[in-house]
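There are 6 protein chains.
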Amino acid sequence: MKIVAFGEVMMRMMPPHYKTLTQAHTLEFLFTGTGMNVLSGLYQMGHESYLITRLPDHSVGKAASAQIRQLGIKDDYIYYGGNHIGIYFLEQGIGNRASQITYLNREESSFCQSQVSDYDFACLDGKDALHVCGISLAISDHLRDVVMAFVLEAKKRGMKVIFDCNFRSSLWSKEQNQIKEIYEKILSLSDIVFAGYKDATLLLQIDAPLNLSDEDKLKYVLQKMCKDYHIETIFGTIRGENTLSGYMVHDSDMIISPPIKLTVYDRVGGGDGFAAGAIHGYFSKMEPYELIRYATASGVLAHTTYGDSPILAKEVIQDFLEHGTSDIKR
Amino acid sequence: MKIVAFGEVMMRMMPPHYKTLTQAHTLEFLFTGTGMNVLSGLYQMGHESYLITRLPDHSVGKAASAQIRQLGIKDDYIYYGGNHIGIYFLEQGIGNRASQITYLNREESSFCQSQVSDYDFACLDGKDALHVCGISLAISDHLRDVVMAFVLEAKKRGMKVIFDCNFRSSLWSKEQNQIKEIYEKILSLSDIVFAGYKDATLLLQIDAPLNLSDEDKLKYVLQKMCKDYHIETIFGTIRGENTLSGYMVHDSDMIISPPIKLTVYDRVGGGDGFAAGAIHGYFSKMEPYELIRYATASGVLAHTTYGDSPILAKEVIQDFLEHGTSDIKR
Amino acid sequence: MKIVAFGEVMMRMMPPHYKTLTQAHTLEFLFTGTGMNVLSGLYQMGHESYLITRLPDHSVGKAASAQIRQLGIKDDYIYYGGNHIGIYFLEQGIGNRASQITYLNREESSFCQSQVSDYDFACLDGKDALHVCGISLAISDHLRDVVMAFVLEAKKRGMKVIFDCNFRSSLWSKEQNQIKEIYEKILSLSDIVFAGYKDATLLLQIDAPLNLSDEDKLKYVLQKMCKDYHIETIFGTIRGENTLSGYMVHDSDMIISPPIKLTVYDRVGGGDGFAAGAIHGYFSKMEPYELIRYATASGVLAHTTYGDSPILAKEVIQDFLEHGTSDIKR
Amino acid sequence: MKIVAFGEVMMRMMPPHYKTLTQAHTLEFLFTGTGMNVLSGLYQMGHESYLITRLPDHSVGKAASAQIRQLGIKDDYIYYGGNHIGIYFLEQGIGNRASQITYLNREESSFCQSQVSDYDFACLDGKDALHVCGISLAISDHLRDVVMAFVLEAKKRGMKVIFDCNFRSSLWSKEQNQIKEIYEKILSLSDIVFAGYKDATLLLQIDAPLNLSDEDKLKYVLQKMCKDYHIETIFGTIRGENTLSGYMVHDSDMIISPPIKLTVYDRVGGGDGFAAGAIHGYFSKMEPYELIRYATASGVLAHTTYGDSPILAKEVIQDFLEHGTSDIKR
Amino acid sequence: MKIVAFGEVMMRMMPPHYKTLTQAHTLEFLFTGTGMNVLSGLYQMGHESYLITRLPDHSVGKAASAQIRQLGIKDDYIYYGGNHIGIYFLEQGIGNRASQITYLNREESSFCQSQVSDYDFACLDGKDALHVCGISLAISDHLRDVVMAFVLEAKKRGMKVIFDCNFRSSLWSKEQNQIKEIYEKILSLSDIVFAGYKDATLLLQIDAPLNLSDEDKLKYVLQKMCKDYHIETIFGTIRGENTLSGYMVHDSDMIISPPIKLTVYDRVGGGDGFAAGAIHGYFSKMEPYELIRYATASGVLAHTTYGDSPILAKEVIQDFLEHGTSDIKR
Amino acid sequence: MKIVAFGEVMMRMMPPHYKTLTQAHTLEFLFTGTGMNVLSGLYQMGHESYLITRLPDHSVGKAASAQIRQLGIKDDYIYYGGNHIGIYFLEQGIGNRASQITYLNREESSFCQSQVSDYDFACLDGKDALHVCGISLAISDHLRDVVMAFVLEAKKRGMKVIFDCNFRSSLWSKEQNQIKEIYEKILSLSDIVFAGYKDATLLLQIDAPLNLSDEDKLKYVLQKMCKDYHIETIFGTIRGENTLSGYMVHDSDMIISPPIKLTVYDRVGGGDGFAAGAIHGYFSKMEPYELIRYATASGVLAHTTYGDSPILAKEVIQDFLEHGTSDIKR
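Chains as they are written, first to last, in the working numbering: chain A, 1 to 330; chain B, 1 to 330; chain C, 1 to 330; chain D, 1 to 330; chain E, 1 to 330; chain F, 1 to 330.
Calculated directly from the structure, the hints in this document are not laboratory data. You may find that some hints are simply not true.
Which copy is meant is left open, so a pair is good if it fits within one copy or across any two.
Taking lysine-lysine and the BS3-like style, the derived pairs with C-alpha atoms no more than 25 Å apart in a straight line are [unchecked claim]:
#1 Lys160 <-> Lys285
#2 Lys285 <-> Lys156
#3 Lys219 <-> Lys285
#4 Lys217 <-> Lys127
#5 Lys127 <-> Lys2
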């Protein structure tokens with residue numbers, strides 16, 4: 001399949017060896033973003049993947065696009081302009097100490113300052129699906145306009161629209177009911193949605209009957225969400241204590257994978273590993289139970305590799321599903 | 001509060017990546033010492049902290065004082081002279097393999113060779129507390145004279161004297177009863193003491209009734225120690241299998257914190273993290289139970305950061321106490 | 001002497017081993033700024049140095065202040081607020097390939113967004129001199145207001161005002177005559193000024209008689225500048241091909257140092273090394289010729305050390321002046 | 001232009017910091033090859049570039065293609081099979097000590113073992129030029145068959161054939177006249193050729209009149225070469241002591257660039273930088289003198305960057321041509 | 001004792017920090033091989049150890065022999081010739097992700113291409129034991145001839161022959177019964193053999209009675225193996241989930257060590273740690289139970305050190321046996 | 001030849017990338033010493049080389065002997081005892097900035113504290129030459145006794161005695177005439193001596209006639225030294241500005257090599273490279289002019305490799321002598 005994603009690219013900077021910033025004198029850096037990460041996973045699973053974004057027109061932007069290509073993502077629709085990029089510092093924790101993420105100024109980035117006129121919708125021609133993310137809705141009115149324009153253009157071309165709710169209240173400067181309205185609009189245009197219990201209950205204010213089990217509550221609210229917004233499939237994950245399971249909801253059904261024990265080497269981007277697996281399973285028409293197991297395994301393994309972008313081939317994921325964790329492969 | 005510590009600064013050198021010295025070609029180095037570590041923790045908790053020490057009068061001494069300042073400790077009372085510094089190599093173990101510490105010649109260091117005449121007691125003026133450590137008592141007679149002189153000058157000024165027993169028999173070349181005498185003298189001048197069961201029983205020869213539980217034995221001997229030497233408070237920790245708890249003893253009472261699961265990234269200096277937390281709790285007049293929980297959390301978190309010196313802000317410790325271990329903080 | 005500087009702190013990030021950003025995966029970072037660099041040099045020369053600045057109130061700001069202290073600069077007057085810091089990437093060139101500096105968004109930094117109300121002028125009490133820099137004049141109207149307020153408060157307290165012209169037209173969004181007016185105002189309040197030929201001719205529009213030699217032209221315009229703005233001393237450097245010489249101008253005189261062969265390891269901050277040397281020479285009342293030779297040597301040696309901040313002790317500079325370049329010192 | 005290259009990709013491994021292999025414990029690695037390097041340069045100059053090669057079908061091959069994409073080269077025509085790749089170790093010299101290159105087994109590599117049947121000539125459709133290299137002629141009979149097949153297919157499609165003589169006698173196990181025959185065959189099919197004096201005289205046995213100057217001898221033999229084999233243009237470089245100049249020969253003319261002072265940071269691949277510049281100049285129809293100056297500058301700057309592949313944008317080359325070496329660009 | 005091993009030396013290359021090859025730009029390298037690893041362990045236990053091998057006659061071979069010496073192994077019998085060495089890439093896994101080993105061309109290495117005439121059997125004179133490994137039997141007929149010749153020469157000299165079965169079917173291009181015949185021949189010449197259940201059942205087709213427990217089956221087949229081929233002792237390990245135990249079989253007995261909890265830092269070479277321990281125990285005439293516990297502890301600790309070669313002194317192993325895992329040794 | 005050296009092994013620690021200690025957080029370390037360095041060079045030239053020294057009996061001593069073996073030096077005569085080793089910090093300078101060497105306490109090292117009874121003179125049996133160094137004479141009376149004992153034992157066995165004057169006044173706490181006496185004693189027992197003009201004039205107080213040229217003065221004093229102390233050959237080097245030449249003096253002759261341009265990557269140990277070359281030339285009976293050219297080339301190349309110990313094969317030195325500096329060797 002040919003899949004495009006519209007999304008922000010940020011620069012992640014991490015002190016080595018679990019040091020804090022104050023203790024460090026070097027930083028490991030990479031470029032990351034929800035759309036970019038999902039595309040990286042999809043490339044590994046055999047899809048043609050394209051990122052639409054806007055990068056600063058200087059050496060930082062060039063370095064970002066080089067890494068994007070390196071991951072197997074096509075750079076044909078990367079636009080250059082402005083001179084800033086969002087940066088976050090990741091001070092990796094270990095054991096009892098939590099990881100700490102610190103954002104620098106993001107609003108002034110080339111991407112967050114971009115307008116509809118900075119892009120060319122022809123980049124959607126001939127593609128099968130568009131991936132967008134809730135974070136792009138939050139930053140500013142004009143960026144949200146770009147997202148909505150891309151979604152409408154995708155629908156016009158008969159593409160599947162994939163929307164990752166990714167709701168972070170701290171990024172929004174609007175009132176609750178305005179945000180709900182915005183999400184409702186985009187959900188009603190989306191075919192595949194990544195969402196969780198809180199998105200349904202807190203953001204969309206769907207209430208579950210009190211007497212249900214947690215699983216039945218989840219099923220109730222997500223199925224209602226499917227129906228209310230005409231969503232084909234909702235995907236998401238449940239984190240247990242050191243486990244991950246995935247679910248897949250249609251308006252008539254919910255399939256949950258058995259939980260897989262989670263081992264964490266690099267936490268950030270684990271969710272994008274799940275999303276790539278789910279989208280791949282969807283487009284390769286896996287059986288639901290196989291699909292959700294595959295997507296969960298993809299998410300679990302994405303926690304074991306350096307960086308935010310999933311980089312394991314689908315054969316590695318299949319092997320893990322079949323044989324579990326092993327020692328050494330020769 | 002304004003807190004000064006008199007203590008040795010050593011240079012710690014560690015092969016990277018759990019290699020042994022024979023396998024390594026580079027060393028990560030830092031400067032460390034009980035007093036310096038406790039002050040580093042106290043700076044993070046909002047106190048003005050000063051180190052009194054003597055460093056070699058060349059680039060190694062300059063590098064040490066730069067790192068001391070970097071940690072937030074004032075270098076106003078660092079004296080320069082001599083040309084040697086104590087060095088220890090830390091070959092970090094992992095899993096079944098223990099860490100190995102190898103000391104090079106320490107006795108000839110600028111600090112261990114220092115005399116009363118190398119210091120100026122005016123540095124105590126206007127300060128609230130003095131921290132000294134049992135290791136400085138062991139090295140040589142003339143260094144012990146310096147410690148005692150500082151302690152007496154501190155008492156003269158009405159400062160609190162904080163004494164960390166830190167008894168290591170391998171450092172002493174005296175007979176048991178001579179050592180006991182020395183410890184008794186300094187304990188009777190101390191307000192706050194860091195000590196454990198063995199210090200009381202082996203060093204000071206306080207026996208606990210045989211029929212008591214371990215906890216009651218501990219309480220018995222430390223309360224006796226409080227009474228015998230007029231100590232206001234004794235602090236210490238108990239290491240379980242993978243857990244740490246802290247205690248606080250007055251002549252009338254002993255409070256023990258619930259054990260916290262211990263995760264270890266860098267073992268050395270964990271005790272100094274506890275000490276910093278306890279001293280901070282004491283001077284900020286925390287309730288006993290709150291105090292001992294805070295100190296224990298400070299000790300536990302000090303095991304999760306690179307280096308011997310505690311470097312986490314008190315907000316991080318509070319957050320850990322309230323919410324336990326978490327994943328990522330944004 | 002007690003010297004304070006008001007100035008921006010930026011984060012410098014450099015790919016290792018002369019790689020370009022696209023080739024790199026790690027960055028060496030440090031904190032830098034004209035004021036900070038000059039103070040670092042002055043600390044090495046025996047002065048008490050204080051930085052007034054505003055840093056982001058998160059781990060990046062904490063890391064900056066730790067490095068500031070490490071350099072020997074007092075952090076008593078560092079204010080925290082906002083969440084952004086200016087960043088520049090330095091892709092170090094070698095041989096035929098020039099170094100490339102790329103700035104990210106600087107205007108939104110905690111410093112550049114700061115207001116008079118963010119500072120407390122009491123920090124000037126009891127100090128001997130204030131250092132400010134032309135870059136702070138350029139960023140915004142409100143930041144320029146802060147600079148002017150500090151300068152006026154310093155004059156009120158009888159402090160020497162040191163002004164580094166540091167005119168970079170790319171940073172200004174004003175018309176030429178407006179800029180000239182601003183510079184004239186601050187020059188007339190300054191005692192010691194760092195300025196060059198272009199500052200006098202292009203910015204202040206002082207013309208030199210055409211028939212003079214280059215050196216006499218320089219002398220003419222800078223002496224006129226001294227007179228016009230009642231400046232006590234103007235310092236500056238002349239770059240030959242692989243050499244550096246320094247000058248010192250009073251309204252009656254100009255002293256030029258013999259050129260010193262320049263060897264470059266880390267180019268950025270060389271000028272601040274000269275400035276630190278000149279200010280030290282001024283306050284320690286060196287003879288003019290000795291002063292300008294010392295300042296030039298300080299500038300030359302600052303090109304041979306890693307980082308922007310001068311870090312060599314005045315003994316090293318003196319030794320270089322006396323014995324020239326040598327092989328190994330034991 | 002759309003340019004394809006058929007060529008080997010090798011793995012280069014280099015001990016850091018000018019160490020010898022015996023002193024090293026880590027290696028910096030990258031992937032390299034004449035075709036790949038030339039395409040990397042052409043990408044920087046705005047061309048669409050495609051590499052045809054065969055890589056091992058395992059993680060080393062995947063790592064190679066990721067770096068190829070990172071450099072801006074399209075990986076559409078990379079074929080996977082076999083399990084070996086040529087490796088060379090580069091022990092970088094400095095000053096009086098020469099760099100030392102050590103090759104491991106190259107003949108068994110996926111590329112050198114490849115056959116015509118491993119490729120699909122459709123990859124040439126719609127492209128403007130094909131680049132091949134003399135090294136591929138030397139390894140084995142079957143690999144030479146592949147080269148010849150590609151060249152013939154390119155001619156069939158009206159593409160320009162670019163041939164880099166790259167004659168290394170150590171790679172050949174044939175007799176001199178057999179090698180000559182092979183070269184003559186491919187030269188007569190080539191439009192643009194990279195060749196030097198020795199190629200003409202030693203390999204092709206063209207003799208220059210004895211009484212000519214060195215430059216006239218070069219002109220004589222290369223013009224004869226143009227005529228004999230119907231070559232449109234021959235390019236090459238002359239290394240002086242610490243200088244480089246380039247030349248461009250037609251059957252009627254030879255243009256030589258003025259020598260440019262050479263500064264070397266990473267020696268390998270400098271010739272490919274010249275080649276990329278020359279090909280770009282050719283296809284963008286630069287004036288001969290401008291072209292050869294540009295190509296030489298491109299070669300000179302390729303000596304100043306890490307790695308074998310040219311990675312500087314054409315703007316950087318232009319700027320160097322116009323302003324010479326400079327200090328820092330902001 | 002004086003122990004020689006005949007075996008291959010390979011080059012191991014590993015991306016740092018659990019990165020995949022595609023993510024890496026540096027590789028940590030070392031030299032390794034079953035014989036070399038066993039000798040490294042034996043050196044630590046006080047034996048004189050000599051490696052017989054053939055290395056490429058260039059800087060890679062020189063680097064290998066330097067590391068061999070560094071480990072305490074004598075290089076007197078290293079022969080140089082050819083120009084290739086076997087290489088494997090180790091992409092270290094973590095948690096759920098398995099480590100991945102990728103071999104490059106090994107058959108063309110200086111060792112695997114070596115012939116009887118490349119060696120001098122005089123190197124066996126005066127030695128006590130010879131160690132050979134099943135991998136050397138698999139590569140080629142001529143290499144197998146070398147192994148057999150060494151074994152026969154060792155027997156002639158009354159040396160103990162130690163054979164590590166190390167059967168890896170992927171390395172063989174022969175039929176099952178041919179391989180069996182080869183193994184039978186060498187087993188009948190061996191005194192000490194490292195073998196497991198699969199070697200006995202699959203390779204040698206010894207069947208155990210069905211009604212036995214797993215342990216009794218193991219005992220049955222290995223004792224039969226001892227009898228059939230006149231082997232003095234067979235050693236081997238059993239991996240439980242996160243544990244390791246070792247066994248030692250004579251024709252009359254089998255001793256199994258209690259399982260020790262396994263913690264893994266660097267997995268490769270763990271078996272060689274066990275082998276070194278067993279051989280040391282054998283030659284120092286330890287009691288069987290003590291021997292097998294020591295060998296197992298040696299194997300367990302070999303999992304905790306960087307690299308394939310065991311590098312811990314026998315005192316460290318003894319200490320671990322006596323006191324279990326500890327924290328820090330001072 | 002079989003050559004033994006008696007000498008100290010120190011630990012050298014160097015901040016990376018020309019940083020000062022204050023700027024560094026890691027150190028590159030290695031082991032070094034005059035004797036060890038000369039032996040390392042002699043191993044490269046084909047000689048059997050043995051170091052006699054005393055190292056601390058812990059992991060630092062083990063690491064030192066591992067590196068000694070790695071360099072090709074036999075460790076048969078390394079004795080273990082004590083727990084300290086001499087350390088020096090090398091802050092590498094660049095350009096105008098000199099390198100700075102800082103010694104920590106050296107007197108208490110296992111070597112400097114060693115006594116005659118710590119060694120076994122049987123280690124000299126069957127060897128051809130003994131190398132000792134003037135530094136060992138300076139440290140203490142008892143160490144000097146060891147040196148003298150070894151020299152006398154060597155003479156007894158008919159070995160050549162090689163003495164490197166290496167006079168550093170800062171290491172001596174004796175009066176000038178006492179030092180002279182000590183040197184005279186050892187010189188009269190030496191066959192080959194490394195000495196310079198200052199050794200002859202300042203230390204031994206040999207005066208040259210005033211009217212001679214510098215070269216003739218050198219010849220005069222060294223020939224007199226040969227005669228006075230019955231020395232067979234004196235070797236030494238003359239440093240010009242960026243050049244090195246070597247000389248060789250008999251009582252009848254002096255041969256000086258043409259100066260070779262010096263390029264410096266790692267300065268320390270350059271003299272030991274010359275010494276190794278001279279000793280090799282001497283024992284392989286090179287013609288005087290060839291010998292001194294070879295020794296000088298060896299010294300020059302030792303300045304271009306990392307570390308103090310010469311590590312280039314004699315073929316590399318020969319190639320440099322024949323072809324001068326070249327670019328790349330393949």
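Going down the list of hints, with the structure as the test:
no.	hint	verdict
1	Lys160 <-> Lys285	within (14 Å within a copy, 45 Å between copies)
2	Lys285 <-> Lys156	within (24 Å within a copy, 43 Å between copies)
3	Lys219 <-> Lys285	within (22 Å within a copy, 51 Å between copies)
4	Lys217 <-> Lys127	neither (36 Å within a copy, 59 Å between copies)
5	Lys127 <-> Lys2	both (5 Å within a copy, 24 Å between copies)
Checked against the numbered hints given earlier, this structure breaks only hint 4.
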